[in-house]
Structures are given as C-alpha cells and as structure tokens.
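**Q** Listed below, chain by chain, are the residues.
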Amino acid sequence: MATAFTPLRRTGRWVQEDRPAGLFKVSREAFTSDDVLALERERIFDKSWLFLGHGSELKQPNDYLTRRVGGRELIFNRDRKGEFHAFLNTCPHRGAIVAREKCGNALGFKCFYHGWSFNNNGKYATRTPPGVYPEGFGNDGSVDLARVPRIESYRDFFFVNYDPNAIGLHEYLAGAREVLDLVADHSPNGMEIIGGTQEYSIRANWKLLVENSFDGYHAMETHGTYFEYLMSVIGTSVNDDIAGMEDVSRGIDLGNGHAMIEGRAPWGRPIGRAIPAWGEDGKAEIDAIVTELTDRVGETRAHRIANRDRNMGIFPSLVINDIMAITVRTFYPEAPDLMNVSSWALAPVGESREARKRRLDNFLEFLGPGGFATPDDVEALESAQRGYAAAKFAPWNDISRGLLKEQPGGNDEAQMRAFWRAWAARMEDGK
Amino acid sequence: MSTATQFAPNPVATAQPARADYEDFLYHEAALLDEWRLDEWFALFAEGAIYEVPTAGAKDDVDSAEALFYVADDYGRLRHRVERLKKSGAHSEFPRSDSARLVSNVRILERGEAGDLVGCTFVTYRSKNDLTDVFFGHMLYRFTVIEGALRITDKRVMLDMNNLRPQGRISIIL
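First to last, the sequence lines map onto chains A and B. Add 399 to the 1-based position in the first sequence for my numbering, that's all there is to it. Add 77 to the 1-based position in the second sequence for my numbering, that's all there is to it.
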C-alpha cells in the first residue's frame, strides 16, 4: 500500500524521516503554530472528505440535523423524495443561520432574520410582492441555499468535501473501506447511531487526538486504572491477556493517511466476546449473535468481526474504534491548542435492550468524558500541549517506535507515521 | 476550611424527612466531595444504588439502556470510580483538582413507596492546571431511610449546558 511509495528519507520542516536509521520525528511547531493551522484549513480540511453523519440519523424523508463540519455550520437533511443533501447553514440573503435547531423534520427552512424561505431541496421559496425584486429573481439558483460542493457516502457513512475537484470518496477511503465493511457487517439489520452525543473539547492540538485514538503504546501506562477495573470484572490476569494481545496486534497503513491498529484486547465485545460479568444469559445471547454472524459472512470473517479489536483513523480527523463498543468520533481545531470533539456510539439496529445496555455500559467504562480512561487521555493531550511551550529548546516529538520492524505491532507507531506522511505530503509538498 | 464533619446530618427521626433534612444531607454530601472524602461519600449510597450523568441536553427521564450517557454507574462501577479516584493513576485527577460545590433550590418533588424524589440545582467549580471549569444543572435524587439514616438509591445529574465545551471531561464526581 502507500508505504511502498514513500521515500526513504524526508527532511521537511515539520516531519523528518530517516528510514534506514529507523528514526521518525515531528516538529512540535506543527502543534502550536497559527500559520500551520491556517495551512491545514486550506490544504487538509478544505480538500479532504470530512465525516458529516450516519444515514441512521435521518430515518425519514424531510428529517434534518444541523452540525458544524470543517469549521462551517451545515444542514444535513433528506428532501421529500428521501434524497440526502448537505447545505451551508447560512441565509443567501444576509448570512444568518437558517436552521437553528439541532434536528427535526421539516418540508422547508425559513430564516428568522428577514423570513427568506427554502424548500428542503434548497430551492428559494420566498413569496415577495411583484416589483420588489427583478423578474426571474433567483432563477439562476443564486439565492438557493448554498450546497456543500460534494456529498458522498459509503456503507451509510456520509462525508462532505469542500473541494469540487476532489477524488471520489470511494477512491479516497482506500483500505479504510474494508474496515468500514467490517463495522457495517456487525448486523444483518444495518447499524445506527444511538441517541445521545458526547460533545466536548480538549485544550490541545487536534493531531494529538489523531495519534492518541490509535495509540496502543500508551494503553497500559495511561489506563492502568481502567485495566485494574477490567481485570477485577473479568477475573483473569491482565499480563496474560496483554501477552496474548501482542502476538496478534498489528499497525496497518490503509493508504491516503488512513491507518489502524488491529488486535485482540481483554475486554468483552458486544458483538462476540462474552465476559463472565455478563452471566449465562449474556453468554447465550452473544453465542447466538456469533452464530448468525458466521452463517451470514463465513467463519473467517465472522472471527475477525467478533474477536478482533480495531482502532482506525480516517484522514484527517475521523476515528472509528470498534473495541469494547463502537465509537465514531470526529474533531476539528478551533485554535492550535483547542479542538472540539463529537462522539457517538454506533450499534446494530434492533439489538435487544439487554444487549444495548451491555454495549453502552462497556462504552462508558472506557470511553468519553466520564469514562475510566478518556479523561486521562485528555489530561495527557493537554499536558503535551503545555509541554510544547518549550519547543524552542525541545523541538521534536519521536514517532520512531517499530520503524525498523517488518511488521509493526499495535503498540508501535506505524499507524501514526502513516498519518504524518500524508499530512506532510499535503503541508510540505503541496500534494 | 470548614470540615464536612461539622455539617454531618442528624439521624432522621421520622418516617417522613423534611426538606431541611435533605438540605443538611446535600450540603454534607457536597462538602465530602469538595474535601475528597470519597469513602465517606460512597457510604451515603444504599447498596445497589446508581449514579448517572446523561449527556447535556437530555430529558430528565432519559434511559441509560437506550441512550449514550457520560456516566451510568451501577453500584459496582461507582465503587470502582471511587477506588480509581483515590489512585495516582487517575491522571486526570492527579494531582487532585480543587473544587467547590454550591447546592440550592432543594425541593421534595415526590413522596413515594420507592422513596422521596428530591430535586436541587447545583454549580460546581473545578480548578486544575491554572484553569477553572464550571459545571451547572439540576440533580434528581431518590432516597431511602436505612436504620434511621438517609441513603441515596439513585442520583442523576442533569447538566443544563449545551455540551462539555470547554470542560472536556467529568473526571470529578458531580
């Protein structure tokens, strides 16, 4: 994949790689500079496919939701025929936000400022007395709601792109498609976003969360208190489990800056790995889920879906972690040292109340602002950001772990290097 | 600083506690959390109790089996939350943050067989790493009386905020 085409050495301003020497460095200026952020907005966020939402969030025709994506307020909606759209949520008249609720079902949108109205396919639909505007006003579409240049989907994951000339989503996703397939295949009934969004911010550069989201190396050190809890629930030795994990875990470059770690972790998985705490009933239900899965996708694939944990980053800032639950997480920099994060839980449509509860409990034990792990990640990221104030005297981050290995493991840093190479290609080489 | 002990609530003499009994209890609870006396705080809960923080903007009756929360602790997880916060490995709270909890607008909302439902509003300040975050909202408690003492069976913290920006985390107990 992409690795094969990357040069042996890179001597950029922000990213330096010396592959024969096994060294990979990232400048801390990349996390602190306003100029870097401005360039990222131009070369990365305005040219990449950005996660907009999941199809399950708009179940019916005329459903809509509003969301900030890539720094802009958007309306993500379905029209009367059920077609999906992405509009810039700003009135073509004088700019006010047109749809001001988080979500709803509406045939059209009306701006509260002067009352300009639009059908939910974006068409201008304001009634005005004759003579006020020239005849044929807006026939050229200039006073319709402005569309985001591109909207495409893969397996119900909807993305937008602000670059009309961008490559298609399918090609862009490259090896990440296979991983989205694995997630989408959890259920014969499709997948859905569970109600309740975790919206929070971290006072750190956004790329620190990219790295952290698929960083197997930090798990035992940062999250010891989570694993102590887990082992008390599961009743096995964490060391045995971690040893088994390392044998099968891998860091994988998925192309175009997407990457993942895949392995086997000690926690239970609602899709196929029961833990004693779930009891006989829980185990029986998990067995039935695995049987259905095996019948549907075959034994090898079912084993991968049920028993392997995956932390995937889709360039630049979408994370889909299929671990003790499935989290979909996206984030955007408001400043070099501040990002806004939105996280959701993804789950099979139609799972039982008991299964859904197990899944949500599993999610909350580790993930999110109140979990036993994520708050400590936030602390680590904010701590690193404060450390970068000393960049003049301590200028480089080291991302070399496992660079000399034929097959880097999940606790190496190959997946981060895949991200940084794509980042550098855009930021330093203008690709 | 005053100590929580001075505010320790009196045992409840009657089967029907008054609002003042609940106020004493809630002020005492807040002081225990401000002072990081977490074992004593945990002892205020009846066995099998739950502690929940739904996502900001959720409705009071939101169900933790149907929606994603920030916190949905059963008694076992709550015990672990307390044990974890006592360790230096709870990095987000090591060194410990400073905090102050204000509790107000205490009302008995319902007298029931399942115990009294008590509501209040709160503002909690948390200070760490030269930054101060504010959490605010209302709380819903279900109480029972065990051996003459009030005990919590259900504590639900409703954040009346748009989201957790900029707070970022709920690493303290609200």
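Keep in mind that the hints were calculated from the coordinates and are not lab data. Treat the hints with care, since some could be wrong.
DSSO-like mimics (lysine-lysine), calculated; alpha carbons at most 30 Å apart, straight line [claimed, not checked]:
no., chain 1, residue 1, chain 2, residue 2
1, A, K480, A, K424
2, A, K756, A, K682
3, B, K205, A, K791
4, B, K164, A, K756
5, A, K522, A, K458
6, B, K163, A, K480
7, A, K446, A, K458
8, B, K163, A, K458
9, B, K205, A, K756
10, A, K458, A, K424
11, B, K163, A, K501
Cβ-to-Cβ under 7 Å is the rule here; a few derived chain A residues that face chain B [stated by the list, open to error]:
no., residue
12, I593
13, G594
14, Q597
15, Y599
16, D614
17, A618
18, E620
19, R703
20, N761
21, L763
Pair ranges (Cβ atoms, derived) [what the hints assert, rightly or not]:
no., chain 1, residue 1, chain 2, residue 2, range
22, A, H569, B, E117, 42 to 50 Å
23, B, V200, A, G594, 38 to 46 Å
24, B, E117, A, E698, 33 to 41 Å
25, A, E753, B, I185, 53 to 61 Å
26, B, G125, A, M630, 44 to 52 Å
Here the structure is a predicted model, which is why all the values come from computation and not from measurement. Note that the Cβ used here is the ideal one computed from N, Cα and C, for glycine as well.
**Q** For each hint, tell me whether it holds in the structure or not.
**A** Hint by hint, here is what the structure shows:
no. : hint                          : verdict
1   : A:K480 <-> A:K424             : 51 Å, violated
2   : A:K756 <-> A:K682             : 14 Å, holds
3   : B:K205 <-> A:K791             : 26 Å, holds
4   : B:K164 <-> A:K756             : 28 Å, holds
5   : A:K522 <-> A:K458             : 22 Å, holds
6   : B:K163 <-> A:K480             : 56 Å, violated
7   : A:K446 <-> A:K458             : 29 Å, holds
8   : B:K163 <-> A:K458             : 45 Å, violated
9   : B:K205 <-> A:K756             : 33 Å, violated
10  : A:K458 <-> A:K424             : 46 Å, violated
11  : B:K163 <-> A:K501             : 39 Å, violated
12  : I593                          : 5 Å, holds
13  : G594                          : 4 Å, holds
14  : Q597                          : 6 Å, holds
15  : Y599                          : 4 Å, holds
16  : D614                          : 15 Å, violated
17  : A618                          : 13 Å, violated
18  : E620                          : 9 Å, violated
19  : R703                          : 26 Å, violated
20  : N761                          : 11 Å, violated
21  : L763                          : 5 Å, holds
22  : A:H569 <-> B:E117: 42 to 50 Å : 58 Å, violated
23  : B:V200 <-> A:G594: 38 to 46 Å : 27 Å, violated
24  : B:E117 <-> A:E698: 33 to 41 Å : 53 Å, violated
25  : A:E753 <-> B:I185: 53 to 61 Å : 34 Å, violated
26  : B:G125 <-> A:M630: 44 to 52 Å : 23 Å, violated
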